[in-house]
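*Asks:* So the chains spell out like this:
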Amino acid sequence: MKVKLERRAEPSQIMQYLSPLIAVGLTALTGLCMFIAMGKDPASAFYVFTVQPIENLYGVGELLIKASPLILIALGLAVGFRANVWNIGAEGQLTVGVIFSGAVALLCGSQGGFWVLPAMLIAGAFGGMVWAAIPAFLRTRFNANEILTSLMLTYVAQLWLSYLIYGPWRDPAGFNFPQSEPLASSAMFPILIEGTRLNASVLITLAAAVLTWFVLKRSFVGYQLQVAGLSEAAARYAGFSHRRAVWIGMLAGGVAAGIAGVGEIAGPLGQLFPTASPGYGFAAIIVAFLGRLQPIGIVLGGLLISLLYLSGEAAQMTLNLPSAITGLFQGVLLFFLLGADVLINYRVRMISETPVLKRVVA
Amino acid sequence: METLSAILIATLVAGTPLVFAALGELVTERSGVLNLGVEGMMLFGAVTAFAVTYTTHNLWLGVFVAAFAGAALSAVFAFLTLTLNANQVASGLALAIFGAGASAFLGKPYVGVALTHEPFEFAGWVSGIPVIGSFLVQLHPLVYLSWAMFGGVVWFLYRTRAGLVLRAVGESPTSAHSVGYPVNTVRLYAVLFGGAMAGIAGAYLAVVYTSLWTEGMTAGRGWIALALVVFATWRPERVLLGAYLFGGVTTTQLFAQGAGIPVPPEMMSALPYLATIVVLVLISRNPTLVQLNAPAPLGKLFHGEG
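Respectively, the protein sequence lines represent chains D and P. Take any residue in the first sequence, count from 1 to its spot, add 626: that is its number in the working numbering. Take any residue in the second sequence, count from 1 to its spot, add 22: that is its number in the working numbering.
Heads up, some of the hints might be wrong.
In silico lysine-lysine, BS3-like type, Cα no more than 30 Å apart, as pairs [unchecked claim]:
#1 P/Lys130 with D/Lys666
#2 P/Lys130 with D/Lys628
#3 D/Lys843 with P/Lys322
For the record, the hints were derived by calculation from the structure and aren't laboratory data.
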């Protein structure tokens, strides 16, 4: 017997949606094996990773507040990924969103009124957009690879924020800790549910999901992007500009990441720190793939990766494991997802070693 | 003279991890495979090298295991892209994310731990070499290894039959396949070599360059190595040049600080990343230059039977 991959006549729709479930299942299985190998009780570890983080209202609030930036960024990235525009610098675009909106918030201080938060959102979106526009420009004008340029700019953005927080923006009353002054209440999103940290920024994410669904599924631009992703030659033949696809794809990701940055400082953080996010910009790439570049899928994928962040923290407290286990599982999940995706275009066939001729005779 | 020698040494020391990583990626890409996971493999190599060297106090064992660790991680990539025909860009990103996560997880016990190993002593006659002797002994043996690897790669690619096959596979997999060369086997070896080299690059960073383990310590060098291969238009001798150019950029930071030039350190640290962008733009703006030199099927899958 020999196992062989055989190309399907056409891509399997069912596998398209089954593949993320297979990947999640295999990741869970890997996790259990890992816990057994480390001498932890698999049942309690499973409980820590799935139920414990969300067994009360506060936990559910945390799940949503962490899922929100992941979903928002992934929605923006999906627009580009559909057209094979690989913006992997969302982490940097988020950071610049934090810098721009933070500048607005810190300038206004406690003087500002109701307009501070909208102004921060505009500034943050603009900041993210500018940071994404650079790779878009370099790609369309100079043909420079957007993967590398957007990533290099991520490091630059992080150094910029770190410079500001260690330098001019450091809180003079902050006991020399690297952090900015706390943001005024006018610069903060209102809390939606008392007793949790869940704030109104999730409503933006919700609106973005609906908007993205509309753009991707019901608009001509969405169609053009999809064609560009499936076949560049076909897109060119149809007269769909590749430059435009690059610009739309990059800027969508940049704006989304910038707004996600505002959500962080005007939400759970409440002030600026040298590091803007625990890697949401990179994790959002996994969310986008996991969600099949579809809005509904991305919402589900975002909730799952958010849970993984929470369980990483829970594992640190309960199981005495480093919280970096989150990143480990994120990578494993993406591996399994890419592996399982082979079943969309191929099927597994068992082929007996008997030569064809013998079979015919028999 | 003293300063010049110091600058030169600092440049070589800072450029060496890029030489390893970029040479490895160059061989991988010359076989037609784009592995974006260099950063992940470097981090994985760095953490294994640190752990092994810390436990055994043997630097060479650490470097050796790191090469294996890098190759092991690249084998996962090879399985996904060559066996399962997964998208190379996405799989490379997965490798980068996994490497960062796994190394942070495995490296937790080693954060803030000082590394001790036997310092390497050159034989007495080396420093006796006139003029350059005192210069040579200041370089770590791994720097010499990187030069040996460079010579090896040049010799392999341009002077051996296997190197010719590898380039053929990277230029036209269909033709190579039709004359009977096992395209995906050749690519597997190229990917594994790239992984091992990235592992060594990480090991050099963790045990020689800094002697410390910190989360994400490669700080984008894996991505810079990828840019270097483009900058070098896929030629090994230019990789060497590019790596030391970047090593030089890194050292300006140290010398500016030493000279007391009032520039924020963050701005100096951003220089290598900005330089990478500039270099990419300069090379890529001439599309024929890239198209003529880039392996044609780079990043594309090959569905050969058998």
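*Asks:* Any hints from earlier that this structure breaks? Give me their numbers in increasing order, please.
*Replies:* 2
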